[in-house]
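Position one of the sequence shown corresponds to residue 1 (my numbering), numbered consecutively onward.
Don't take each hint at face value.
[Said to hold, decoys possible] DSBU-like cross-link-like pairs, simulated, lysine-lysine; straight-line CA separation at most 35 Å:
#1 Lys62 - Lys135
#2 Lys124 - Lys62
#3 Lys135 - Lys124
If you're looking for bench data, these hints aren't it; they were derived computationally from the structure.
Predicted model, so just to flag it, every value in this text is computed and none were measured.
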Amino acid sequence: MKRTITVAVLLAALATLTACTSSDDSSDSRTNTRPPASSTPTKEATEEAAPSVGLPPEPTGKVRDGLLAALFDINPALTTDEDGAVDNARNQCMAINGGAQELDRTAQQRFSSGEHAVTAAEAKQINIALADFCKTA
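With these hints in hand, go ahead and build the complete structure from the sequences.
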């Protein structure tokens, strides 16, 4: 009995799979001559698209130091990972420049880590500190 049920289920599955195959219609057999798109954008493509989405350029020198100092003044835990802090700041700028809602909540989530949970007051200070930096986008 089990064997009959198993065979019936397999035949039903085979019939379903057979029904899903394409026909011999020539319109379905066109070849795609375009190469597949890369799933990871190149650094150049990201930098070219950045201004259009409100992402400021990666800060260097005094701008980077000033950004990290502003975050450090809010809470030193925000700059434990300096590269991560800069990335968080740039990404928060996209939210700010894009007119996102609940910016303080977004900053709170974005800048919190396993070592430090950003408070609502700190999140508000982060957004104020980023205001000038975000204008560079």
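These are the hints, each one checked on the structure:
1. Lys62 - Lys135: Holds. Lys62 to Lys135 sits at ~16 Å (cutoff 35 Å).
2. Lys124 - Lys62: Status holds; Cα separation ~24 Å.
3. Lys135 - Lys124: 17 Å, holds
Checked against the numbered hints above, the structure breaks none of them.
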